[in-house]
Amino acid sequence: MSQTTASIEQNERGEKSPLSSLPGPLGHADGEAEVRDWIALLKPRVMSLVVFSGLIGLLVAPGHLHPVLGFTAVLCIAVAAGACGAINMWYDRDIDAVMRRTVNRPIPAGRIEAGSALGYGITLAIGSIIVMGLAVNLVAAAVLALSVAFYVFVYTMWLKRRTPQNIVIGGAAGAFPPVIGWAAVTGSVDLMAVIMFMIIFIWTPPHFWSLALWANDDYRRAGVPMMPVIRGARATRKLIVGYTLLLVPFTLAPWAIGFSGPIYGVSALLLGAGFLVSVIRVARDRQDGEGVSLTNDAPARAAFKYSIVYLFVLFGALAVDRLTG
Amino acid sequence: MTTSNSPPPNIDMTELRRKRRGRNIAMVLVLAGLCALFYAITIVKLAKF
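In the order they appear, the protein sequences are chains A and B.
Using numbering that gives the first Met the number 0, you'd call the opening residue of the first sequence number 0 and step up by one each time.
Using numbering that gives the first Met the number 0, you'd call the opening residue of the second sequence number 0 and step up by one each time.
Hints are computed from structural coordinates only; laboratory data are not their basis.
Remember, it's a predicted structure, so these values are computed and weren't measured experimentally.
Heads up, some of the hints might be wrong.
[Claimed, not checked] Some chain A residues near chain B, calculated using beta-carbon distances under 8 Å:
#1 Glu33
#2 Val67
#3 Leu68
[Stated by the list, open to error] Restraint ranges, calculated between C-beta atoms of paired labels, are given here:
#4 A:His63 with B:Ala31: 27 to 37 Å
#5 B:Val29 with A:Leu244: 40 to 50 Å
#6 A:Gly324 with B:Cys34: 38 to 48 Å
#7 B:Phe37 with A:Pro261: 37 to 47 Å
#8 B:Leu33 with A:Ser47: 16 to 26 Å
#9 A:Gly324 with B:Val29: 34 to 44 Å
#10 B:Phe48 with A:Val276: 47 to 57 Å
#11 A:Val153 with B:Cys34: 30 to 40 Å
#12 B:Tyr38 with A:Arg219: 49 to 59 Å
#13 A:Gln164 with B:Ile42: 46 to 56 Å
#14 A:Pro43 with B:Phe37: 16 to 26 Å
#15 B:Leu15 with A:Trp157: 34 to 44 Å
#16 A:Val193 with B:Ala31: 48 to 58 Å
#17 A:Leu251 with B:Ala25: 36 to 46 Å
We treat Cβ as the ideally placed atom computed from N, Cα and C, and that holds for glycine.
With the hints as extra help, turn the sequences into a complete structure.
Structure representation (structure tokens):
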């Protein structure tokens, strides 16, 4: 932990520009921030998947929602997800400063002050929940509030630095968007909403552990107890395969209960087979005696990319099936 | 530690103005977008009655 603190101090000393030593508004780090820094705080790449899954929940739900209200619901989901990203960057600014992947984020790079990022995140989170409640319905707003609270308090503040199961349990936060989209249309949370939640929930560990395998050194240096850090790469590869084996049959549930037709069912089967092949390559990666990859984790990188495409196409197929069936 | 009496460091004021202008334009666009959105929501909600 002292190493982490020292690194932050070093980083802050190294990154501060002449403006930060000035008194008054000019001396504020935020004076150096560009619009893209404030957008970066919202983690736009993560937001895109959240928006997409929320939109799918909205599209496949039975019933009708006026397009303006549908747009508002998706916007609220996006803004709340971005708010979570900003609060997460505020809380994790110490470990972000020591990880190569995150060291250039606006807070550790000194372009935005930590307190400003926190205020920005809280404002957006509360605003999006209120708008969702007033414009769409209270159930969607309640699930949105629950997802924000789960991400911030359960995942970011409680689990992330304490247990290698952090993204298994914390992954629930990322599984809420289709439920929120569904609730925006129906005003309730039904079986199919829970199935979509479970698909993302079970998808998250193989997705995130694939990244954790090749970012292992970063996580170890930052002291984040990701699975490869605690249990080792070999055990993590087995868990990735295990969760994918669990995921593939689960993705067939919408077809099995008659909610979707063959377009989705066949897509889920083919995509699942591709995901299994991808993670089996991860498990069979050439490795040394301690399980460290000898290929620079090329299969894990490929599996990570595939997992993103997998979820996009799977949920896309679900929407196409519902809208054309 | 720089005090208010010390000479100002070499600041690229043009760059600072450019960043500030970018933030101001973004803020205007966000506020205009919110106004349009709330107006549209109001119309849709009123249409139900």
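Numbers of the earlier hints that this structure fails to satisfy, in rising order: 16
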